[in-house]
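Chains as they are written, first to last, in this note's numbering: chain L, 1 to 117; chain U, 118 to 236; chain G, 237 to 346.
Treat the hints as calculated values from the structure; they're not laboratory data. Treat the hints loosely; a few may be bogus.
[Said to hold, decoys possible] No more than 25 Å apart at the CA atoms, straight line, and that leaves these computed lysine to any residue pairs for SDA-like:
no., chain 1, residue 1, chain 2, residue 2
1, U, Lys-146, L, Gly-62
2, U, Lys-146, U, Met-118
3, L, Lys-40, U, Phe-178
4, L, Lys-40, U, Gly-177
5, L, Lys-40, L, Asp-27
6, U, Lys-146, L, Met-66
7, L, Lys-40, G, Leu-266
8, L, Lys-40, L, Pro-11
9, L, Lys-40, G, Tyr-281
10, L, Lys-40, G, Arg-310
11, L, Lys-40, U, Gly-184
12, U, Lys-146, U, Arg-197
13, L, Lys-40, G, Arg-272
[To be verified] Example chain G residues on the side facing chain U (calculated, C-beta under 8 Å, incomplete):
no., residue
14, Asp-280
15, Arg-283
16, Met-284
17, Asp-290
18, Met-294
In this text, a Cβ means the ideal position worked out from N, Cα and C, and glycines have one as well.
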Amino acid sequence: MANLDALLELPGARAAFTFNDRGELLDHRIVDGAEGLDAKVLDLLCHVCVANTAIATMQARGWEQMTGMQGFYPIEGFGFVGLEWAALTRGHCGVVLDNAAADYEAAYRALAEHGAE
Amino acid sequence: MSLIGELAAMPGVIAAGEYSYRGDRYVCKGRLDDELARKASIMCRATTMGLHMQAGILGGFCAEGCGLVPAHGWVVRGPRYTVCVVANVFCFIDNEAGSLDRVLGLMRERLADAPADLV
Amino acid sequence: MIRRLLALDGVQVVCRFRDDGAFVDGMGLLDVDGLRRLARFAHDYKRMVQGNADQLAMFTGMPGWTPPAGWIVRGTRMSVCSVANVVCLVDNAEASLTEVMQALAEAARW
Chain L
1 MANLDALLEL PGARAAFTFN DRGELLDHRI VDGAEGLDAK VLDLLCHVCV ANTAIATMQA
61 RGWEQMTGMQ GFYPIEGFGF VGLEWAALTR GHCGVVLDNA AADYEAAYRA LAEHGAE
Chain U
118 MSLIGELAAM PGVIAAGEYS YRGDRYVCKG RLDDELARKA SIMCRATTMG LHMQAGILGG
178 FCAEGCGLVP AHGWVVRGPR YTVCVVANVF CFIDNEAGSL DRVLGLMRER LADAPADLV
Chain G
237 MIRRLLALDG VQVVCRFRDD GAFVDGMGLL DVDGLRRLAR FAHDYKRMVQ GNADQLAMFT
297 GMPGWTPPAG WIVRGTRMSV CSVANVVCLV DNAEASLTEV MQALAEAARW
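Please construct the entire structure, taking both the sequences and the accompanying hints into account.
Structure follows, in structure tokens:
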């Protein structure tokens, strides 16, 4: 069970959310003042992250088989970096962060600890 | 020093490169041979193209003030390595030895004004 | 010329776009704004499919995948299919995808 409230404590957090294998939004929290974000946008964002995780998985598989360089597969997370905000996902959980305040590595650690596989 | 050179010199960075959106040119510095650098640039370019299309659709639903769009880059994190792309510049990072925050921070800073029209 | 595609069973919209994604012409059950959006989507999707086909060819070392001739996205009720720079929106219950893809391949040569 994901702890979305814990994820919202990350620096620059604007939203935290969970989604299913298809990318459909299951649960979410949006902080006050996160203008332009709503459940509809998060649902589409989850679809973007699921689609790109699948593409990245294909790439990691192909790359490792082709080069023998291990360490890309299985994909642990995909991140979409927007102009001001970024969305990072791991498993079935993600956060939206303000790039100016974000600590991406801390976010991945928090997703591993508080997220949903 | 060019951004590619600066990135390639950062701790934990395995390789850094740049590709043209047309797919006809690439440069890369670091520990990937020329053929692997070409293949890495094909992969990174493909994901960037797809992501820009998706961001275009996402932007249609984002209200005023949403900082997600336009798309600026993406990050794929594997158990040992991370691939990080901003605009048309890519970077392969060793998770143990490198810092995603520093690499992405430098890329975002230096590519803040990169054109978004993919040409 | 692409008007001929609309005569096929189940084809609801047909649209042509330039290599840079600009709308050329189109007709059917979408307004001009919808046609422009479809042109843009088809252009971007074509580019994405090309990128993925390049990677498939690269990883498998198999010839024949690139350049991709076209693509189909099949939904529950509707499908979007495209060859070269022509795209169609079709009703799955009424259309024959084989017939539509053949007609699209022919239209792409016009």
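Hints versus structure:
no.	hint	result
1	Lys-146/U x Gly-62/L	holds, 22 Å
2	Lys-146/U x Met-118/U	holds, 12 Å
3	Lys-40/L x Phe-178/U	holds, 7 Å
4	Lys-40/L x Gly-177/U	holds, 11 Å
5	Lys-40/L x Asp-27/L	holds, 12 Å
6	Lys-146/U x Met-66/L	holds, 20 Å
7	Lys-40/L x Leu-266/G	holds, 24 Å
8	Lys-40/L x Pro-11/L	holds, 24 Å
9	Lys-40/L x Tyr-281/G	holds, 22 Å
10	Lys-40/L x Arg-310/G	holds, 23 Å
11	Lys-40/L x Gly-184/U	holds, 15 Å
12	Lys-146/U x Arg-197/U	holds, 20 Å
13	Lys-40/L x Arg-272/G	holds, 23 Å
14	Asp-280	holds, 4 Å
15	Arg-283	holds, 5 Å
16	Met-284	holds, 4 Å
17	Asp-290	holds, 6 Å
18	Met-294	holds, 6 Å
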